[in-house]
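I would like the entire structure built from these sequences, with the hints used as guidance.
Residue numbers (full-length UniProt numbering), protein chains in the order written: chain A, 1 to 495; chain B, 1 to 495; chain C, 1 to 495; chain D, 1 to 495.
Hints were generated in silico from the structure; no laboratory data involved.
Wrong hints could be hidden among the right ones.
If chains are identical, the list can't say which one is meant, so a pair holds when it fits in one copy or spans any two.
[To be verified] As a list, the in silico BS3-like pairs of lysine-lysine whose alpha-carbon atoms are at most 27 Å apart: (1) Lys129 / Lys301; (2) Lys282 / Lys125; (3) Lys56 / Lys5; (4) Lys68 / Lys5; (5) Lys170 / Lys75; (6) Lys172 / Lys148; (7) Lys380 / Lys301; (8) Lys128 / Lys106; (9) Lys129 / Lys75; (10) Lys75 / Lys48; (11) Lys170 / Lys106; (12) Lys106 / Lys172; (13) Lys106 / Lys282; (14) Lys128 / Lys48; (15) Lys125 / Lys75; (16) Lys148 / Lys191; (17) Lys297 / Lys5; (18) Lys282 / Lys172.
Here's the letter readout for the chains.
Number of protein chains: 4
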Amino acid sequence: MAHNKLLSTQQVSQHKAPQDCWIVVDNHVWDVTDFLEEHPGGSSIILKYAGRDATKAYSEVHTPGVLKTNLPPTKYMGALDESTIDDDWIKSSPIETPQVILDNEKPPLHTLINSHDFEVVASRKASKKTWAFYSSAATDLITRDANKSCFDRIWFRPRVLRNVRSVDTKTKILGVNSNLPLFVSPAAMAKLIHPDGECAIARACEDKGIMHGVSNNSSYTMEDLRNTAPSANFFFQLYVNRDREKSAALLRQCSANPNVKAIFVTVDAAWPGKREADERVKADETLSVPMAPSQAKNDKKGGGLGRVMAGFIDSGLTWEDLAWVRQHTHLPVCLKGVMSADDAVLAMEAGLDGILLSNHGGRNLDTSPPSIITLLELQKRCPEIFDKMEIYVDSGIRRGTDILKAICLGATAVGMGRSMLFATNYGQEGVEHLIDIMRDELETAMRNNGITSLDEAAPYLVNTADIDHLVPSARQHPYARKVAKGRRPLPISKL
Amino acid sequence: MAHNKLLSTQQVSQHKAPQDCWIVVDNHVWDVTDFLEEHPGGSSIILKYAGRDATKAYSEVHTPGVLKTNLPPTKYMGALDESTIDDDWIKSSPIETPQVILDNEKPPLHTLINSHDFEVVASRKASKKTWAFYSSAATDLITRDANKSCFDRIWFRPRVLRNVRSVDTKTKILGVNSNLPLFVSPAAMAKLIHPDGECAIARACEDKGIMHGVSNNSSYTMEDLRNTAPSANFFFQLYVNRDREKSAALLRQCSANPNVKAIFVTVDAAWPGKREADERVKADETLSVPMAPSQAKNDKKGGGLGRVMAGFIDSGLTWEDLAWVRQHTHLPVCLKGVMSADDAVLAMEAGLDGILLSNHGGRNLDTSPPSIITLLELQKRCPEIFDKMEIYVDSGIRRGTDILKAICLGATAVGMGRSMLFATNYGQEGVEHLIDIMRDELETAMRNNGITSLDEAAPYLVNTADIDHLVPSARQHPYARKVAKGRRPLPISKL
Amino acid sequence: MAHNKLLSTQQVSQHKAPQDCWIVVDNHVWDVTDFLEEHPGGSSIILKYAGRDATKAYSEVHTPGVLKTNLPPTKYMGALDESTIDDDWIKSSPIETPQVILDNEKPPLHTLINSHDFEVVASRKASKKTWAFYSSAATDLITRDANKSCFDRIWFRPRVLRNVRSVDTKTKILGVNSNLPLFVSPAAMAKLIHPDGECAIARACEDKGIMHGVSNNSSYTMEDLRNTAPSANFFFQLYVNRDREKSAALLRQCSANPNVKAIFVTVDAAWPGKREADERVKADETLSVPMAPSQAKNDKKGGGLGRVMAGFIDSGLTWEDLAWVRQHTHLPVCLKGVMSADDAVLAMEAGLDGILLSNHGGRNLDTSPPSIITLLELQKRCPEIFDKMEIYVDSGIRRGTDILKAICLGATAVGMGRSMLFATNYGQEGVEHLIDIMRDELETAMRNNGITSLDEAAPYLVNTADIDHLVPSARQHPYARKVAKGRRPLPISKL
Amino acid sequence: MAHNKLLSTQQVSQHKAPQDCWIVVDNHVWDVTDFLEEHPGGSSIILKYAGRDATKAYSEVHTPGVLKTNLPPTKYMGALDESTIDDDWIKSSPIETPQVILDNEKPPLHTLINSHDFEVVASRKASKKTWAFYSSAATDLITRDANKSCFDRIWFRPRVLRNVRSVDTKTKILGVNSNLPLFVSPAAMAKLIHPDGECAIARACEDKGIMHGVSNNSSYTMEDLRNTAPSANFFFQLYVNRDREKSAALLRQCSANPNVKAIFVTVDAAWPGKREADERVKADETLSVPMAPSQAKNDKKGGGLGRVMAGFIDSGLTWEDLAWVRQHTHLPVCLKGVMSADDAVLAMEAGLDGILLSNHGGRNLDTSPPSIITLLELQKRCPEIFDKMEIYVDSGIRRGTDILKAICLGATAVGMGRSMLFATNYGQEGVEHLIDIMRDELETAMRNNGITSLDEAAPYLVNTADIDHLVPSARQHPYARKVAKGRRPLPISKL
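So, in structure tokens, the structure goes:
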């Protein structure tokens with residue numbers, strides 16, 4: 001560190017490019033080139049002062065020690081030779097006050113390199129209410145966190161010395177081509193984080209060739225989405241309305257929309273979960289969504305968007321009602337939200353086309369089982385089901401390795417919901433970037449496991465020993481289907 | 001952020017309502033509307049300065065950077081145009097010093113949305129001694145914490161597509177109707193946190209239709225409680241006095257009180273536990289309780305209220321003494337504090353009406369078993385007991401999901417002690433609010449598991465695989481009832 | 001908070017007693033009565049200013065906000081009426097500067113209520129080197145921490161309704177009466193923390209009627225200890241010297257000392273462990289111990305007292321050498337530091353009188369097994385050993401519940417080493433206080449488990465299910481005694 | 001604390017030696033002797049002011065409270081008697097400004113006493129990019145951390161009373177003598193942390209008599225290394241180039257180099273892992289390595305050195321290609337990166353000379369199995385392999401106890417990669433110091449387990465019960481070798 005060196009204003013002003021940027025603060029000269037991209041407030045605000053005096057702007061935002069603390073001593077270039085200060089120098093310093101709002105700028109998209117990054121940015125840049133609504137989950141967040149941690153506890157058993165030069169991630173979902181075994185899981189109100197909302201997602205899915213699961217509580221209608229992304233493939237997530245005619249109308253619209261390939265009836269949200277972060281933040285009561293007769297409001301329980309917007313959903317839906325759904329659509333019908341092998345078998349017996357193992361991202365019933373545990377339960381208790389219908393998984397997918405684990409264990413494809421909303425923060429480009437990341441991570445995971453197509457993904461590639469003991473082993477209770485009569489608790493068979 | 005904008009005092013003073021509130025600090029104008037409810041010191045102190053200059057009040061409590069740090073830049077409205085300051089403006093600024101005591105105000109009751117919130121508020125607002133006495137538990141707090149975490153490690157196995165439109169949480173406890181499978185567990189000296197003490201609890205239980213378990217160390221007598229809540233149902237928790245006549249008198253009074261429905265004899269506190277937080281804070285030696293001959297004091301061990309107030313309890317109580325209890329009351333007699341299947345069987349053989357599985361909230365013997373583990377032990381080792389007597393559980397219940405898990409595993413009802421004391425912080429209204437919260441959480445959990453009455457709650461709905469290995473599997477040792485003779489340790493059968 | 005109230009100097013000066021103490025800081029009057037005992041620098045420094053102005057003394061040590069931050073608003077009594085300041089007031093304020101060294105004062109002994117407290121005080125008040133030497137353990141501290149956590153993972157199975165009015169903790173150790181199943185485990189150089197060193201321990205053990213295990217590296221000789229505590233019972237911990245004659249001399253001295261009841265030959269320290277905290281602090285090279293030819297020094301590995309002082313120990317000691325020990329003493333001979341059932345059986349076959357299961361407090365070999373796991377290994381693999389010799393346990397005992405767990409699982413008595421050193425910080429009185437605490441905790445644990453004598457302590461009272469899987473189940477390998485020949489690793493039988 | 005004592009400048013100036021060093025700051029005299037070595041900026045900067053006034057230098061770097069906060073009150077010697085200040089005193093205070101860069105000095109090598117210390121120093125002193133490249137691992141770092149934690153969960157079963165006076169750590173690796181069962185694992189670009197790079201490592205290995213595994217991406221060529229360390233033993237880690245002729249040339253060079261004893265073909269990096277810390281820091285694009293046609297660059301994914309430099313590696317390598325390798329060298333050929341028993345068996349069948357169980361330090365595929373788990377898998381599923389070929393382990397070795405555990409479980413030797421790079425921070429001397437530390441730790445572990453040669457290291461000395469459940473128990477899937485056909489997932493045999 002040449003801290004005794006005196007530098008003239010002429011010398012300093014030569015370093016004014018992004019790749020060679022010095023600034024002066026309190027007559028100390030610093031090389032901030034390497035720091036530009038790390039600056040929490042973005043690089044542009046610094047570049048305004050490249051080769052110039054930034055004291056005034058700096059002082060409005062930072063305390064004097066920040067530079068010294070954050071830069072290594074090697075970046076200290078010396079002291080400004082004050083005798084060289086002249087009019088040019090003084091004029092060169094921009095007079096506009098730095099805009100503090102810059103601190104609020106999102107980091108450049110290319111600096112986000114995984115799904116966690118999108119979540120971090122959203123936590124800082126989305127409105128408080130949007131963040132609360134998107135990120136919240138039921139009560140103590142146990143299921144939300146276990147969704148991810150159970151994936152992390154599955155080990156690979158990678159095979160080496162296999163030719164993995166080219167890798168193919170293509171698959172089919174309900175007969176529809178998909179470039180990845182990944183779809184966007186239905187998630188409500190994408191417009192809260194970006195004006196383009198679900199339109200951005202639809203266009204990204206169209207470009208990247210994956211399926212977009214559209215929420216009943218989408219900020220845009222299916223027609224809007226078809227218009228914006230005319231060759232996209234959708235499935236529609238239905239919340240059955242207590243007023244059945246309204247749901248029937250929606251089913252008819254979807255069936256008439258050639259881009260809609262399937263109906264997913266939601267069954268994991270018979271009653272709205274208690275999402276406390278969502279309740280604690282006041283909602284904008286002007287908010288409504290076009291395909292559901294819902295209107296935000298704040299009541300004595302709080303401002304929970306998730307709870308209030310769900311007001312129209314019929315909590316009386318039963319297996320019998322699925323016949324009614326079939327009557328109103330020719331499309332494949334799947335269930336979203338199966339959480340037990342017992343109900344998976346019932347779904348198979350009911351002739352459904354697929355089931356999405358999901359706990360609603362942990363948003364509805366805390367300590368409901370992580371989806372990957374339910375997938376293992378199917379492998380253990382009803383493996384024949386994989387021959388009869390497609391099985392999907394969502395809740396907790398954050399990495400390409402997570403996708404591959406689910407596929408190895410029998411899933412046809414997996415969905416990502418929250419992460420896609422967080423990516424929508426950057427509009428269509430953000431969602432595309434996230435899909436690219438997931439593809440890259442999946443391909444890397446496949447190659448490093450020694451496989452090149454999804455057909456090769458099989459259970460022998462994963463070691464679930466660390467979570468196998470969590471998988472329920474008991475057979476379905478004999479009386480379970482008719483609902484247990486009598487108060488007397490039954491002995492736990494597995495004890 | 002329009003921070004260059006100049007705002008006149010006239011403009012500022014128009015934003016003076018709770019739903020549109022600006023304040024001026026150091027000539028900066030901020031919109032604090034959204035911040036009102038978050039303000040740790042309560043919103044009222046801010047509202048005093050709505051549309052006005054708050055600099056003086058602000059500076060007495062906060063350092064200059066607090067506002068900038070806590071508010072997003074979008075809430076900065078601009079600078080105050082100092083040329084517009086006039087006499088009206090100056091006079092409008094209240095001259096009274098802000099009352100620092102406001103920091104001590106409790107948050108509004110409706111902002112508390114779960115049992116944890118009541119605990120957090122009590123930790124901050126109750127006196128140091130009250131907090132220490134209520135929250136403390138034996139030595140290293142292992143049992144206290146495991147009481148809760150063992151519930152968290154039980155997973156649901158929710159069933160879908162069942163009609164859950166209407167849900168019924170009613171049940172009977174010893175033949176007495178209860179709107180919930182929940183009662184207030186006996187806990188001492190509620191007056192420490194609110195002058196109404198147990199009277200507030202009794203009235204809340206009366207209104208909400210649940211049973212109130214009254215502590216032998218209650219701040220009010222059974223007669224007081226009956227007078228304040230004439231249609232409430234109570235059970236009385238008895239600590240048997242070394243001077244048996246005193247206990248006999250209490251039993252006679254309870255038996256003559258038509259609101260008292262049962263006697264719970266405490267057996268998990270043969271000796272006072274070592275509650276270190278309680279010992280470390282000096283007690284008010286004027287404190288005494290009416291139904292027990294107890295008087296607080298500070299001695300060389302410390303100021304432990306729990307220890308000192310328990311001085312009258314007979315540590316020589318045995319199974320034989322239960323006959324003596326029966327002689328002094330016609331009421332059902334239950335045991336509070338059974339911690340093993342062995343003693344549960346003895347209680348069944350002794351003809352008791354019920355047992356409350358409890359470890360005294362972890363307050364007496366650290367590493368005594370979590371109550372839910374004891375419930376599983378009963379299911380495993382003596383399932384026939386559920387046909388013979390009612391089983392209750394307390395210690396660790398914080399959520400509606402916890403209640404449902406205990407019911408699924410065979411409990412008739414569960415108790416909450418500490419949480420109810422924390423709710424008493426807000427008087428009767430607080431306790432009612434907490435009961436409402438618990439009911440709402442329980443109903444939500446029932447619905448999202450696919451059941452609508454407690455009769456349907458059965459073991460097949462829960463997965464205890466993560467804690468099953470903790471359940472003792474050994475049969476009761478053959479000599480256990482006569483007390484092992486001889487020093488030689490016996491081989492551990494399960495190893 | 002009556003913060004607008006003006007208080008005269010006369011009013012303030014009336015509150016000058018420990019039980020009613022006000023002080024003035026910056027003209028604010030605070031009631032610090034309740035705070036006296038909490039003051040980290042001790043109460044005496046505050047009491048100097050009781051009823052007076054403490055501004056000057058306060059400011060030298062604290063920043064202005066400390067009082068406001070640490071005291072509740074209710075302790076603010078008002079502002080000092082400056083018009084009442086007179087000469088008496090000014091003179092009443094002591095002029096001596098507060099002694100910063102007071103921050104170094106130990107808290108009063110009676111405020112320490114468990115063994116952890118003694119450790120905390122030692123960590124703050126002992127010299128850096130003493131703390132490093134006493135508290136350090138081998139490399140990553142895994143064994144040190146597991147010693148305690150394995151106790152914490154054992155649950156009790158408490159029995160209720162047993163007469164526990166009087167409880168008896170007496171037992172015999174090698175035929176010697178002991179008031180508790182507890183002894184002081186040998187630990188080196190107690191003088192580092194208090195000038196009385198082992199003399200303080202010996203006198204405390206004499207008064208409390210428990211046995212004192214004296215380290216070969218004691219700061220005082222056995223004769224010193226016998227002189228200071230003429231009716232104490234000792235056992236002597238022998239490190240066998242490479243120069244056997246020196247050890248023989250020690251054995252002869254011990255055998256001639258009627259207070260010495262047994263010899264414990266240390267076998268868990270064949271080579272000094274790597275205690276990094278100890279190495280990192282420079283040692284005082286003038287330090288030596290009388291019964292071992294050891295002298296502290298700092299070398300290129302660091303300043304490790306434990307390592308350097310162990311230089312004389314013979315790392316070539318074998319089972320054959322025990323015969324040599326027997327030749328030089330008529331006293332019972334035990335082994336300290338057995339860590340496997342295999343060696344326990346060898347010790348039994350060698351005819352030793354007892355074994356102390358110990359890993360040297362985790363100080364010698366990191367990831368050596370926690371002692372309580374070794375005790376379970378004995379129960380599992382060689383239960384007959386409990387009929388043949390006495391088994392002791394140390395390493396990790398911090399609570400009365402720990403003592404009871406070890407006794408239930410077959411130990412005759414347990415030792416505490418580090419905690420006793422930390423208690424020696426307060427001299428004899430400190431050690432006595434700690435022994436009293438341990439007795440009280442043990443009695444409470446016995447009573448709350450439903451037993452009144454140690455004869456009743458048996459395995460059925462504990463549930464070790466959470467750690468049973470850690471207990472080695474393999475039988476001793478057939479070749480283990482002759483030392484495995486050949487490099488080829490043997491299959492792990494238990495896999 | 002004698003803080004009222006006045007000290008003359010003459011008195012102060014006598015304490016000017018490293019072993020007796022006082023300094024004056026703001027006229028307070030402090031004894032900083034004990035603090036010298038702890039000073040984060042190194043002792044030399046303080047010693048400049050020994051016995052003199054350091055106020056000016058101190059103030060440039062520290063706030064006034066630092067000394068008071070960091071030194072115990074006993075180190076305060078008194079106030080400077082200002083009346084004794086004379087010209088000599090004033091002149092004695094050096095006038096040069098303290099060099100802030102001193103904060104960047106590495107601590108003296110002898111103060112580093114374990115492998116963690118080297119990592120800590122590197123994290124602070126290496127360039128940001130070097131630290132990111134060396135320390136990073138794949139995505140969520142799960143495998144990187146489990147590599148270490150799985151070692152920590154293996155317990156020893158130490159044996160006592162065995163003669164461990166002399167201990168021998170010598171062994172043979174592929175017939176080559178090694179003083180330790182330890183080698184330097186291949187790791188790329190050591191020059192990033194020290195100009196001597198791999199030359200420093202080679203010379204250290206030569207001096208200490210262990211083998212140096214040289215990375216294909218070494219900063220120096222094999223010839224450079226042979227020249228600098230003419231009697232060192234190397235093995236060469238080959239990344240097979242898509243342009244086979246380039247690899248063939250390297251193989252020929254290695255085969256002609258008498259110091260190269262084996263070729264290790266890397267198979268755990270078919271595709272570069274996603275090392276996010278590495279991607280996030282911009283790379284110096286002028287960087288290249290001599291033996292690989294690689295050039296650093298920054299692209300849209302980031303600046304990942306690991307990814308970009310791996311661009312030449314052939315991801316199409318298969319078992320068949322090993323024959324091609326054999327054709328170009330007479331040296332023993334081993335595989336680096338086997339992660340399953342299945343591939344270990346294939347390697348054995350392919351006639352390889354050894355395999356290095358490795359997951360590339362967790363750098364390539366997150367949740368690939370910890371190497372020690374793979375070693376246990378071999379013991380469980382194909383124990384015969386230990387008779388047929390040498391097995392090595394790397395990834396996670398940080399302690400001598402880790403080395404011994406791997407040897408007990410059948411490994412011939414273990415490798416350390418990252419730690420050796422961190423030690424290279426200090427050049428050859430640093431690497432030697434680390435090797436000495438590892439030898440000392442290994443010898444201590446052997447002795448305290450009761451063994452004196454590696455031949456005695458056998459499974460009975462370790463208890464793997466805490467991780468045994470993680471070891472895959474399923475037999476290799478019947479179709480695994482021909483690669484599973486068909487999409488249908490296979491039932492998981494072990495469930």
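Practice task
At 27 Å max between alpha carbons, let me know whether Lys380 reaches Lys301 within a copy, between copies, both or neither.
Solution key: neither (41 Å within a copy, 40 Å between copies)
Practice task
Up to 27 Å between alpha-carbons, please classify Lys68 paired with Lys5: within, between, both or neither.
Solution key: within (17 Å within a copy, 33 Å between copies)
Exercise for the section: Indicate which option fits the pair Lys106, Lys172 if close means a Cα-Cα distance not exceeding 27 Å: within, between, both or neither. Expected result: neither (36 Å within a copy, 57 Å between copies)
Problem - Alpha-carbon proximity between Lys128 and Lys106, which holds within one copy, between copies, both or neither at 27 Å - result: So Lys128 and Lys106 pass the 27 Å test inside a copy (15 Å) and across (24 Å) alike.
Exercise for the section: Measure nothing new, just compare the shortest in-copy and cross-copy C-alpha distances for Lys129 and Lys75 to 27 Å and report within, between, both or neither. Expected result: between (40 Å within a copy, 15 Å between copies)
Practice task
Classify it for me, Lys56 with Lys5: is the Cα-Cα distance of at most 27 Å met within a copy, between copies, both or neither?
Solution key: Both ways: Lys56 and Lys5 sit 23 Å apart in one copy and 19 Å across, limit 27 Å.
Handout entry: 27 Å Cα threshold - placement of Lys106 relative to Lys170
Key = neither (33 Å within a copy, 52 Å between copies)
Practice task
Please work out whether the CA atoms of Lys297 and Lys5 approach to 27 Å or closer within one copy, between two copies, in both situations, or in neither?
Solution key: For Lys297 and Lys5, neither the intra-copy (64 Å) nor the inter-copy (33 Å) Cα distance is at most 27 Å.
Problem - Status of Lys125 relative to Lys282 across identical chains (alpha carbons, at most 27 Å) - result: For Lys282 and Lys125, the Cα distance is within 27 Å both inside one copy (18 Å) and across copies (25 Å).
Exercise for the section: Using 27 Å as the alpha carbon limit, work out where Lys148 and Lys191 are close: within a copy, between copies, both or neither. Expected result: For Lys148 and Lys191, the Cα distance is within 27 Å only inside one copy (26 Å; across copies 39 Å).
Exercise for the section: Evaluate Lys128 and Lys48 at a C-alpha cut-off of 27 Å and name the case that applies: within, between, both or neither. Expected result: between (30 Å within a copy, 25 Å between copies)
Handout entry: Status of Lys282 relative to Lys106 across identical chains (alpha carbons, at most 27 Å)
Key = both (24 Å within a copy, 20 Å between copies)
The earlier numbered hints that this structure contradicts are 5, 7, 11, 12, 17 and 18.
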